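Colleague: Dock chain B against chain A, hints included.
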Amino acid sequence: MTTQVSIQNTINIRRQQGHDKANLLLQIWLVTWRSLTTIFRTPVALFPPLAISIFFLVIYESTLGGAAAFIPNLSGNSYLGFILPLSIVSSSLSGAGIAAQNMVRDIESGYFDKLLLTPISRAALLLGPILAGALILGIQASIVIGVALIMGLESATGFAGLLLVVGLAILLGTGFAGFTVSAALGSGSAAATQGASFIFFPLTFLTASFVPLELLDGWLKTAATFNPITYVLEAMRATLNSGWDAALIWQGVGACLLLGTAMFALAIFALRVRTRRS
Amino acid sequence: MSNREIKVQNLMKQYSGGVTAVDDVSFSVNSGEIFGFLGPNGAGKSTTIKILTTLALPSGGQATVGGYDVVHEADLVRRIAGVALQDIGLDPLMKSMELLSMQAQLFGATRQQAKTRASELIELVRLTDAVDRRVGTYSGGMRRRLDLALALVHKPDILFLDEPTTGLDPASRRDVWEEVRRLNKELGMTIFLTTQYLEEADELAERIAIIDKGKIAKRGSPAQLKAAVGKESINLAFDSRELAEKARAELSDMADNIQTDRDMVRLYMSQAAQTIPAVVNRLQAAQLNPISLTLTQPTLDDVFLQVTGQRINAEEEKEAAKVG
Numbered sequence: 000m001t002t003q004v005s006i007q008n009t010i011n012i013r014r015q016q017g018h019d020k021a022n023l024l025l026q027i028w029l030v031t032w033r034s035l036t037t038i039f040r041t042p043v044a045l046f047p048p049l050a051i052s053i054f055f056l057v058i059y060e061s062t063l064g065g066a067a068a069f070i071p072n073l074s075g076n077s078y079l080g081f082i083l084p085l086s087i088v089s090s091s092l093s094g095a096g097i098a099a100q101n102m103v104r105d106i107e108s109g110y111f112d113k114l115l116l117t118p119i120s121r122a123a124l125l126l127g128p129i130l131a132g133a134l135i136l137g138i139q140a141s142i143v144i145g146v147a148l149i150m151g152l153e154s155a156t157g158f159a160g161l162l163l164v165v166g167l168a169i170l171l172g173t174g175f176a177g178f179t180v181s182a183a184l185g186s187g188s189a190a191a192t193q194g195a196s197f198i199f200f201p202l203t204f205l206t207a208s209f210v211p212l213e214l215l216d217g218w219l220k221t222a223a224t225f226n227p228i229t230y231v232l233e234a235m236r237a238t239l240n241s242g243w244d245a246a247l248i249w250q251g252v253g254a255c256l257l258l259g260t261a262m263f264a265l266a267i268f269a270l271r272v273r274t275r276r277s
Numbered sequence: 000m001s002n003r004e005i006k007v008q009n010l011m012k013q014y015s016g017g018v019t020a021v022d023d024v025s026f027s028v029n030s031g032e033i034f035g036f037l038g039p040n041g042a043g044k045s046t047t048i049k050i051l052t053t054l055a056l057p058s059g060g061q062a063t064v065g066g067y068d069v070v071h072e073a074d075l076v077r078r079i080a081g082v083a084l085q086d087i088g089l090d091p092l093m094k095s096m097e098l099l100s101m102q103a104q105l106f107g108a109t110r111q112q113a114k115t116r117a118s119e120l121i122e123l124v125r126l127t128d129a130v131d132r133r134v135g136t137y138s139g140g141m142r143r144r145l146d147l148a149l150a151l152v153h154k155p156d157i158l159f160l161d162e163p164t165t166g167l168d169p170a171s172r173r174d175v176w177e178e179v180r181r182l183n184k185e186l187g188m189t190i191f192l193t194t195q196y197l198e199e200a201d202e203l204a205e206r207i208a209i210i211d212k213g214k215i216a217k218r219g220s221p222a223q224l225k226a227a228v229g230k231e232s233i234n235l236a237f238d239s240r241e242l243a244e245k246a247r248a249e250l251s252d253m254a255d256n257i258q259t260d261r262d263m264v265r266l267y268m269s270q271a272a273q274t275i276p277a278v279v280n281r282l283q284a285a286q287l288n289p290i291s292l293t294l295t296q297p298t299l300d301d302v303f304l305q306v307t308g309q310r311i312n313a314e315e316e317k318e319a320a321k322v323g
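Listed in order, the protein sequences are those of chains A and B.
FYI, the numbering for the first sequence is 0 to 277, going by numbering that gives the first Met the number 0.
FYI, the numbering for the second sequence is 0 to 323, going by numbering that gives the first Met the number 0.
Quick caveat, the hints were computed from the structure, so don't treat them as lab data.
There could be a bad hint or two in this list.
Output of the computed footprint for chain A on chain B, the stretches with three or more beta carbons under 8 Å from beta carbons of chain A [stated by the list, open to error]:
id	stretch
1	67-79
2	103-113
3	187-197
Among the chain A residues that face chain B by a calculated CB cut under 10 Å, a handful are [claimed, not checked]:
id	residue
4	A21
5	N22
6	L29
7	R40
8	R104
9	Y110
10	D112
11	L215
12	W218
13	K220
14	A222
15	T224
16	F268
17	R271
Values in this document were obtained by computation on a predicted structure and should not be read as measured data.
The beta carbon of each residue, even a glycine, is placed where N, CA and C say it ideally should be.
In isolation and in its complexed conformation, chain B is listed as follows:
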């Protein structure tokens, strides 16, 4: 198996005018891993991905992709890396088949091989029905899928996905996730993924790094990061405050910490899910029937909030509020 690692050491990027977009960033991505790179807008995600995919030069430090230096062996990096950038660059006047087979030929395929590969990919991203239409008539989701197909033309060892599901509807987003997982599992592709959606990183990535103001603020598996933030909780709602108080007394020994808030009882503990049956039994024995029971697990959003002091989607919410 070829080297499919990404190694980044003390990477720096300063733009003229003294803005430091990437400030002494180091991390490594193992062969065959899905690595999530999270951060708010302007944190340095896109700059990092541009350096790793040879579109920008670092001001300092070192980075290798598949063992090739991104500065001195850019041409070799381009041959083993597939890239789907956030701004989709597709020629609206061309058709998907033409774009794909041309790209395959640029990577050295013969005409026939290129046609075969293009058909495979069109099927893979389910654009068969749209194959005779110009790209300009595609929906956002279709364009993203075609862009992903273009990134896969040369069967890359390492795939860079810059916010691959931004602007997609939930169904298309699930499709992309499924595809990413499949590529990773079946072909052993290393996948470097930037995203603003914590849910996405949680769903896909084995390991995550959170970048904030150009520096890596936190790294680990999604579970580790969430565990570091706080405990899970079982939330019970009752008909009245009295019932809630009774329940609290009844359950006091079952949690590390109990809080009541009007008719709500919150039990904080680790491994809350496993404790639910015992809690339910105890309540039944005391003839206390909650009107609802929910389980809260810390989300990556909580991790993010703790690390960066802001909600990751704050921008978007503001936008939505404006529109609304």
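In isolation and in its complexed conformation, chain A is listed as follows:
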């Protein structure tokens, strides 16, 4: 009897020390790797968003590029460097969409519940698809930049500046993903998640999309002032067109962090609601 009890205690101690459960970093890596695997097994889903980003870039540049000389404050700067950030921001949106679609697919297939039955941390469940989405959008943004380079883009801050632009895109996309993943967790439905992802689409136009902020007027200017995308665009544009501007860069990073914090709070709340053992 005594032996039995002591063996039981050893097992209890072993379990309580967490020896039969992966550490958090490994969990996050496993779930992210799994998301990436499934994303790359449906490559068709990756092309349309990428194609649209490149399409916007080419169309805006060819239709508006010629008029750029008439836009004050933009003279001397290439319009390509001005419009490229808009195209990249739209690829951030699609990265967020990918994260959410991944999540919703797991909820619909029941695999999400299967993971809940393992000792996985809730943070890993949330971060896996978001990190996978972030990585994908980083690749997409890089490809879009590559196309812009072919079209004649010259970065005022060189390669480091391009990296910063990709970094900002990832940061912004991660914030968006907090929102779209919340929608996935809240609705558990692919259609509803897709719908929710579109909410951000107008935001890319309620900003200094085609002309600098100073040229906006009235309600649009007010909207743009409160739109975090405005500051991300400005940081990217300055980096590409005029050179390092610490103040603008910090504004851009700050806007991303602000958006990200709010959206992650929402996502954590949505996750708690979904996994609440009611």
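Modeller: Using the frame of chain A, we list chain B on its own:
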């Protein structure tokens, strides 16, 4: 040996809207036992299993799995319990090896250990041939087998199987039964099994509880439950009603009760199987040759009917009728 018991005391589950899914249910499952939990659709089977596997919280009462409280020690319950739910949750884009080794790593195995364990399990559930295919291409039976393998990744002490053979063809069903028995016998796993198939409970479970409208209506071993319903019978069919009547007269002292129905004679008694030779001898001596002889034993279906007032598969039959 670790504690592999399940203890449930006065378990309650009320959903908002006042629906009581589980109403003051108590039972316990011993270490190393196969326990069958039976009930019609909506009786509270799935809710009970969800509470025991930490997916849902009870509204009242207590439950421990392997000595761990399902409410306050959910994380520990998850580490010793394996669960194969009725709705199989498998990612159709992944391959079986990937799902298994990832699950093993989540339970703390190293990469190498996880690979080894995954290969073992794939062999165990005989998916070796399908190992390079995506789960989305699997048949229903294969998916169920993979799901069972996933539930076994961390060598659980206690295995919960929620309707493990629903939707399987008879051959696959037999395979699952064999596997369940083997896990129970060789590894001493406690197995908590819900099912709609009485045959399955009869085949596997040492003890059974029947749940109806959220309450435990009956419990005992399959044999006890069947014995409580009624007696066995030997059924003899003859060429004509006259022959049947003659046979009845001839055999009158051998059964507790005899009924004739046209050319059929039914002899009700306990231990009918052992009486068959004597019945046959007597008939031969009287030169009465039956055209058929069958033995009827009360089935769990009869128990079920008596307890719940409905045939367990009534729903399914209705469905089948609709399709047919």
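Colleague: Now tell me, hint by hint, if it's right for this structure.
Modeller: Quick rundown of the hints versus the structure:
no.: 1; hint: 67-79; in the structure: holds (count 6)
no.: 2; hint: 103-113; in the structure: holds (count 4)
no.: 3; hint: 187-197; in the structure: violated (count 0)
no.: 4; hint: A21; in the structure: holds (5 Å)
no.: 5; hint: N22; in the structure: holds (9 Å)
no.: 6; hint: L29; in the structure: holds (5 Å)
no.: 7; hint: R40; in the structure: holds (5 Å)
no.: 8; hint: R104; in the structure: holds (8 Å)
no.: 9; hint: Y110; in the structure: holds (5 Å)
no.: 10; hint: D112; in the structure: holds (5 Å)
no.: 11; hint: L215; in the structure: violated (44 Å)
no.: 12; hint: W218; in the structure: violated (43 Å)
no.: 13; hint: K220; in the structure: violated (46 Å)
no.: 14; hint: A222; in the structure: violated (40 Å)
no.: 15; hint: T224; in the structure: violated (43 Å)
no.: 16; hint: F268; in the structure: violated (19 Å)
no.: 17; hint: R271; in the structure: violated (14 Å)
Of the numbered hints given earlier, the model fails hints 3, 11, 12, 13, 14, 15, 16, 17; all others are met.
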